[in-house]
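Kindly generate the complete structure, drawing on both the sequences and the hints.
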Amino acid sequence: MSPVSERRASRPYTVEFLRRWSRRPAITLGSIILLLFTVAALLSPLLSPYDPYQIPEGLAAVSLLSPRPGHWFGTDLLGRDLLSRILSGARVSLLVGVVVELVVTPIGVAIGLFAGYFGGRIDSVLMRITDAVMAFPGLVLAIALTAVLERSGLLSVIVVLAAVRWTTVARIVRGQVLSLREAEYITAISALGAGKGRIIFRHLLPNCLAVILVAMSFGVASNILSEAGLSFLGLGVQPPTVSWGSLLAEGIVYLTVKPWLCIFPGLAITCAVLGFHVLGDGLRDILDPRLRS
Amino acid sequence: MKRCFLLVGLPLLATALIGAGNLPRRGGAYHYTLGPSDPPSLDPVHITDTVSHAVVSELFDGLVAFDHTLKIRPAIARRWVISTDGRTYTFELRPDVKFHNGRTVTADDFRFSFEHLLNPETRSERTWILEKLLGARKFMAGKATSVRGIHVRGPHTLELTLERPFVPFLALLAYPAASVVPREAVKRWGRQFSSHPIGTGPFRFREWHHDDRVVVEANRDYFQGSPYLDQIVFRVIPDAMTRFQEFKAGNLDHTDIPTGLFRVIQNDPSLSSMLAARSSMGINAIQFNLEKSPFRGNRRLRQAFNYAVDKTAIAQVILEGRVLPARSVLPPGLLGHDPKLHGYPHDKEKARRLLAEAGYEGGRGLPAVTLYYNTGLVNRKIAEFVQGTLRDIGVMIALRELDWPAYLNLLDRGEAQLFRLGWLADYPDPENFLTVLFHSRNVGSKGNLSRYANPRVDALLDRADESLDTSERARLYHEAEKIILADAPWIFLHYYSTDVLIQPWVKGLREQISAMDSAPTLGMVRMRTVWLDK
Numbered sequence: 001m002s003p004v005s006e007r008r009a010s011r012p013y014t015v016e017f018l019r020r021w022s023r024r025p026a027i028t029l030g031s032i033i034l035l036l037f038t039v040a041a042l043l044s045p046l047l048s049p050y051d052p053y054q055i056p057e058g059l060a061a062v063s064l065l066s067p068r069p070g071h072w073f074g075t076d077l078l079g080r081d082l083l084s085r086i087l088s089g090a091r092v093s094l095l096v097g098v099v100v101e102l103v104v105t106p107i108g109v110a111i112g113l114f115a116g117y118f119g120g121r122i123d124s125v126l127m128r129i130t131d132a133v134m135a136f137p138g139l140v141l142a143i144a145l146t147a148v149l150e151r152s153g154l155l156s157v158i159v160v161l162a163a164v165r166w167t168t169v170a171r172i173v174r175g176q177v178l179s180l181r182e183a184e185y186i187t188a189i190s191a192l193g194a195g196k197g198r199i200i201f202r203h204l205l206p207n208c209l210a211v212i213l214v215a216m217s218f219g220v221a222s223n224i225l226s227e228a229g230l231s232f233l234g235l236g237v238q239p240p241t242v243s244w245g246s247l248l249a250e251g252i253v254y255l256t257v258k259p260w261l262c263i264f265p266g267l268a269i270t271c272a273v274l275g276f277h278v279l280g281d282g283l284r285d286i287l288d289p290r291l292r293s
Numbered sequence: 001m002k003r004c005f006l007l008v009g010l011p012l013l014a015t016a017l018i019g020a021g022n023l024p025r026r027g028g029a030y031h032y033t034l035g036p037s038d039p040p041s042l043d044p045v046h047i048t049d050t051v052s053h054a055v056v057s058e059l060f061d062g063l064v065a066f067d068h069t070l071k072i073r074p075a076i077a078r079r080w081v082i083s084t085d086g087r088t089y090t091f092e093l094r095p096d097v098k099f100h101n102g103r104t105v106t107a108d109d110f111r112f113s114f115e116h117l118l119n120p121e122t123r124s125e126r127t128w129i130l131e132k133l134l135g136a137r138k139f140m141a142g143k144a145t146s147v148r149g150i151h152v153r154g155p156h157t158l159e160l161t162l163e164r165p166f167v168p169f170l171a172l173l174a175y176p177a178a179s180v181v182p183r184e185a186v187k188r189w190g191r192q193f194s195s196h197p198i199g200t201g202p203f204r205f206r207e208w209h210h211d212d213r214v215v216v217e218a219n220r221d222y223f224q225g226s227p228y229l230d231q232i233v234f235r236v237i238p239d240a241m242t243r244f245q246e247f248k249a250g251n252l253d254h255t256d257i258p259t260g261l262f263r264v265i266q267n268d269p270s271l272s273s274m275l276a277a278r279s280s281m282g283i284n285a286i287q288f289n290l291e292k293s294p295f296r297g298n299r300r301l302r303q304a305f306n307y308a309v310d311k312t313a314i315a316q317v318i319l320e321g322r323v324l325p326a327r328s329v330l331p332p333g334l335l336g337h338d339p340k341l342h343g344y345p346h347d348k349e350k351a352r353r354l355l356a357e358a359g360y361e362g363g364r365g366l367p368a369v370t371l372y373y374n375t376g377l378v379n380r381k382i383a384e385f386v387q388g389t390l391r392d393i394g395v396m397i398a399l400r401e402l403d404w405p406a407y408l409n410l411l412d413r414g415e416a417q418l419f420r421l422g423w424l425a426d427y428p429d430p431e432n433f434l435t436v437l438f439h440s441r442n443v444g445s446k447g448n449l450s451r452y453a454n455p456r457v458d459a460l461l462d463r464a465d466e467s468l469d470t471s472e473r474a475r476l477y478h479e480a481e482k483i484i485l486a487d488a489p490w491i492f493l494h495y496y497s498t499d500v501l502i503q504p505w506v507k508g509l510r511e512q513i514s515a516m517d518s519a520p521t522l523g524m525v526r527m528r529t530v531w532l533d534k
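Chains A and B are the protein sequences, given in the same order. At the far end of the first sequence sits residue 293, using the numbering used here, and the numbering has no gaps. At the far end of the second sequence sits residue 534, using the numbering used here, and the numbering has no gaps.
Hint data in this document are derived by calculation from the structure and do not stem from the laboratory. All C-beta atoms, glycine included, are put in the ideal place defined by N, C-alpha and C. Incorrect hints may appear among the rest.
Examples of chain B residues lying across from chain A (beta carbon under 8 Å, computed) [unchecked claim]: (1) Pro-258; (2) Gly-260; (3) Val-264; (4) Gln-316; (5) Val-317; (6) Ile-318; (7) Thr-375; (8) Leu-377; (9) Arg-380; (10) Ala-383; (11) Glu-384; (12) Phe-385; (13) Gln-387; (14) Gly-388; (15) Thr-389; (16) Glu-401.
From the derived model, a few chain A residues whose C-beta atoms are all more than 12 Å from chain B [what the hints assert, rightly or not]: (17) Ala-26; (18) Leu-34; (19) Val-39; (20) Leu-43; (21) Ile-107; (22) Val-133; (23) Phe-136; (24) Leu-141; (25) Leu-155; (26) Ser-179; (27) Gly-229.
Some chain A residues flagged as far from chain B (calculated, every beta-carbon gap over 10 Å) [what the hints assert, rightly or not]: (28) Ile-32; (29) Ala-40; (30) Tyr-50; (31) Arg-68; (32) His-71; (33) Val-98; (34) Phe-118; (35) Ile-199; (36) Leu-287.
Below, the structure is given as structure tokens:
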């Protein structure tokens, strides 16, 4: 069974979707977390108590302050307010997370759809390429690609992560298409004379939307972590631009003596990743027809 | 009662004496750390870095060596005479020096070793150490079969003649590259000599597990007396924090201090007593490329940058007060250093004014400038700080981080506009700073990467380099330094320091750390007189 084939249900699909959404508090929690982060990222110039890049005069007196009123998350080595820097970092981290997913989803979906529907040689070739990329540990491949690109920065991070990430989407969509292809309703419309294009885009794609949405949600979380990893290793965004990963990398040397420099960026990463995971889990629960009560 | 007191008292007294460190104790293995990298080579002719230096200086000897005050002291040469024209050096060698393979060292071994260094087939990176010998260039070009300036006068008498006088020549001979090597071993192993190093030093090579450890053991027949230690284990440990933890666990006998922990260690009563910190002969700077726009021919712009950057904040905050802000080129302790020079103290107003006079009022019209630096937390923080402070006077610069090999390549090609680069003394002489870094003949990879060229400075340096009179040299170098400072080819940031933690049971190390050491390699320290009180 699939959502599309249930159009005849008593309530419109969107209403049904929202009803199921409201019955799951976890997904609401996830959404609230993400909403907060998104607002914080979008409005960071307004919300930040200080300029995240401004190095204050009389540096010695404001360097590495512990959390206190005025500097709720403390200050870094160059006297910059950590809260303001985390807000500024939220823009980069979320932007990378979302943009990479927006870039890879169409690519991964196209590859998955064609490989899954046509099967045979097309499938073999596409999936072997996918396997080859997946065979490398993602972060290691990303590091290698950064070295090849010979520059680091926001754009290169996005390119590198996209180059690694598309495989997951392709795999998931292909798996879904493989099972849908054999479904009776596909056989039926095929028998009615529907063309390949119509079958793929009108029937297979909409039925894959649920898994794609779930994969995107987990994907954003994974991208945020990968970006943090790259920036932590110094291969991500370049100073003065900050991301959560680069803040973490700056703080790590002070882990034993000024732990807040790591704790706050670490918490930001954890919360955002948790938010996308909870959302992804919830989406799967309400979108997967097999889990419906 | 008296008798009883005596019986108890004597051993107590003896223990107290030994405990006080009066009697060096033999035995034990010293756990040394080389820091993050494996020695690139253990062949003296291929050594250019402090890591290899630390190991090789225990395995090999040259004619002379540095003591911890960086004065030249005898090594294999017992004494020497310098001719009045300053060109000929006659060395009398000790007759009792043996290679680790048992053969006695003669003057002819030095002739072989020096020609081996200069031989183009050896492809040594350190030929400049002996380039000043008469006929060395001819020999290197393949136009002569021997070096005219090397003369064996007897089995234990060696005479070296220079093309022209050069006062720091003895300091060059104290370098590992000028060590004596046994001809038979070099011929046998060729490029593999690095894995089978045989010298005359107080320790002999035992084993080398790449990227993990090098082990050397005591040479009991050493001509200056056997070392106290049985062996030294040189460990390669990539992460500074891991080294620190290993030190705290007692698995390393000394270590360097991780970035960010200096103040913590200073304030910790037990760790601070193990701290050995001293200034060293080096300077860190951000260099302008004087052949590139917008810095070419615009002294005021360079001065404006200099006044804008607060070096005291860098020294106090980023480097945690370990170092002194730079006010000149020559670091303290070096001939010609003048504590009265004041360099470019932080003055934002002056910076703004000079920027306007340079033609870029408020930073308007200034072309894009990128500051390059090599990977490293401190380098990155300094770059961010400079970027942030220049922003205050209206100058926007971009930053670009590169890893060391790519970085050096870029600088050698002269493509970076603005870049960070420090300099550590190769030998304690102002020639090694001013001539190498600012003489127009050394523009490019030879050392003058800012591509500074000033005929007045060249003339002063030429005169100073060839002079034999120390006070005249000091005066000439000082004069050249003042002109260089005014021309502002660099943003002079800070002098360097060497900071290590040493275990309380290590004796004889702390007092040996010299102004040319760097942490944690301590390449100038001689381990022969170090002992363990545990």
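Here is what the structure says about each hint:
| no. | hint | result |
| --- | --- | --- |
| 1 | Pro-258 | 6 Å, holds |
| 2 | Gly-260 | 4 Å, holds |
| 3 | Val-264 | 5 Å, holds |
| 4 | Gln-316 | 5 Å, holds |
| 5 | Val-317 | 5 Å, holds |
| 6 | Ile-318 | 7 Å, holds |
| 7 | Thr-375 | 6 Å, holds |
| 8 | Leu-377 | 6 Å, holds |
| 9 | Arg-380 | 6 Å, holds |
| 10 | Ala-383 | 7 Å, holds |
| 11 | Glu-384 | 5 Å, holds |
| 12 | Phe-385 | 6 Å, holds |
| 13 | Gln-387 | 6 Å, holds |
| 14 | Gly-388 | 4 Å, holds |
| 15 | Thr-389 | 6 Å, holds |
| 16 | Glu-401 | 6 Å, holds |
| 17 | Ala-26 | 38 Å, holds |
| 18 | Leu-34 | 31 Å, holds |
| 19 | Val-39 | 28 Å, holds |
| 20 | Leu-43 | 23 Å, holds |
| 21 | Ile-107 | 30 Å, holds |
| 22 | Val-133 | 26 Å, holds |
| 23 | Phe-136 | 21 Å, holds |
| 24 | Leu-141 | 19 Å, holds |
| 25 | Leu-155 | 14 Å, holds |
| 26 | Ser-179 | 48 Å, holds |
| 27 | Gly-229 | 17 Å, holds |
| 28 | Ile-32 | 35 Å, holds |
| 29 | Ala-40 | 23 Å, holds |
| 30 | Tyr-50 | 13 Å, holds |
| 31 | Arg-68 | 19 Å, holds |
| 32 | His-71 | 16 Å, holds |
| 33 | Val-98 | 26 Å, holds |
| 34 | Phe-118 | 45 Å, holds |
| 35 | Ile-199 | 51 Å, holds |
| 36 | Leu-287 | 44 Å, holds |
Violated hints are absent here; each numbered hint is respected by the structure.
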